[in-house]
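J.: First residue of the sequence shown: 1, per the working numbering; consecutive thereafter.
None of these hints come from the bench; they were simulated from the model.
For glycine and all other residues, C-beta sits at the position ideal for the given N, C-alpha and C.
Zero decoy hints are in this set.
The calculated lysine-lysine pairs, modelled on DSS-like cross-linking and capped at a C-alpha distance of 30 Å, are:
#1 Lys-2 x Lys-60
#2 Lys-60 x Lys-4
#3 Lys-19 x Lys-60
#4 Lys-20 x Lys-60
#5 Lys-18 x Lys-60
Here are the in silico distance ranges between beta carbons for each label pair:
#6 Asn-6 x Ile-39: 18 to 28 Å
#7 Asn-6 x Ser-44: 14 to 24 Å
#8 Ser-83 x Ala-17: 31 to 41 Å
#9 Gly-85 x Gly-48: 28 to 38 Å
#10 Arg-51 x Val-12: 19 to 29 Å
#11 Gln-52 x Leu-26: 17 to 27 Å
#12 Gly-85 x Ala-17: 28 to 38 Å
#13 Gly-85 x Arg-49: 31 to 41 Å
#14 Ser-16 x Arg-51: 15 to 25 Å
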Amino acid sequence: MKAKINEEISVVMYFSAKKKVVQPYLLNWQNRDYQVGEIGYYHSYMEGRDRQHIYELVDKDQGMWFRLRLDSANLHWTLEAVSDGEPS
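With the hints as constraints, model all of the structure from the sequences given.
T.: As structure tokens, this is what we get:
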């Protein structure tokens with residue numbers, strides 16, 4: 001079931017100098033770690049003077065789907081939505 005969350009979370013990310021890409025590697029939500037598997041979707045947009053980065057991804061082990069937003073103004077991560085893969 002897909003649910004809107006809009007909650008700040010902790011994220012470990014990495015930067016590849018070779019590929020010039022920044023992406024999440026591990027996220028912590030509700031005191032549980034989820035290692036990022038495949039990133040299925042990425043885009044960014046301007047919100048006023050600040051760039052917002054959107055990542056849609058699945059975790060490596062349990063097939064959970066997450067939609068994350070990185071605010072470039074303060075480097076805070078927000079979990080916008082989550083799904084366990086089950087129908088509503």
